[in-house]
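Peer 1: Full structure from sequences and hints, please.
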Amino acid sequence: KPMVEIFNAENLQRFAGGCGWALARAHARSGHASLIAGYLGNRPVFDQAVARFAQAYADQNERDHDALVKAVRAGRVEAVLEH
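If you count by this note's numbering, then the sequence shown holds residues 5 to 87, one letter each, in order.
Mixed in with the good hints there might be a few duds.
To be verified - Taking lysine to aspartate or glutamate pairs in the DMTMM-like style, the calculated list, with each CA pair at most 25 angstroms apart, reads: (1) LYS74 / ASP63; (2) LYS74 / GLU86; (3) LYS5 / GLU86; (4) LYS74 / GLU9.
To be verified - Label pairs and their in silico Cβ distance ranges: (5) LYS5 / HIS36: 32 to 38 angstroms; (6) ASP68 / LEU44: 26 to 32 angstroms; (7) LEU72 / ALA28: 25 to 31 angstroms; (8) GLN59 / ALA37: 22 to 28 angstroms; (9) GLU82 / GLU14: 21 to 27 angstroms; (10) GLY45 / LYS5: 22 to 28 angstroms; (11) ALA30 / TYR61: 18 to 24 angstroms.
No lab work stands behind these hints, which were simulated from the structure alone. Every residue gets a Cβ at the ideal spot worked out from N, C-alpha and C, and that includes glycine.
Peer 2: Quick look at the structure:
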């Protein structure tokens, strides 16, 4: 089990990249492209839904980060920065 809590920034970035690569490979192998394309059809409904989800997810990340920054500044959460 990787001990991510002791990773420095560079190691964490490499680990996250590896996880992303493995997840992408797994998803790429999870179905037949022609069947998926046939199911989705030519309409942009799926594309639009994914785009809405991505935007909502990004917005939530920004709200979460803002809340974290406020909590650190208020002393409710300790932040440790590595240089």
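Peer 1: Would you list, in rising numerical order, the hints stated earlier that this structure does not obey?
Peer 2: Hint 10 is the one this structure does not satisfy, whereas the remaining hints hold.
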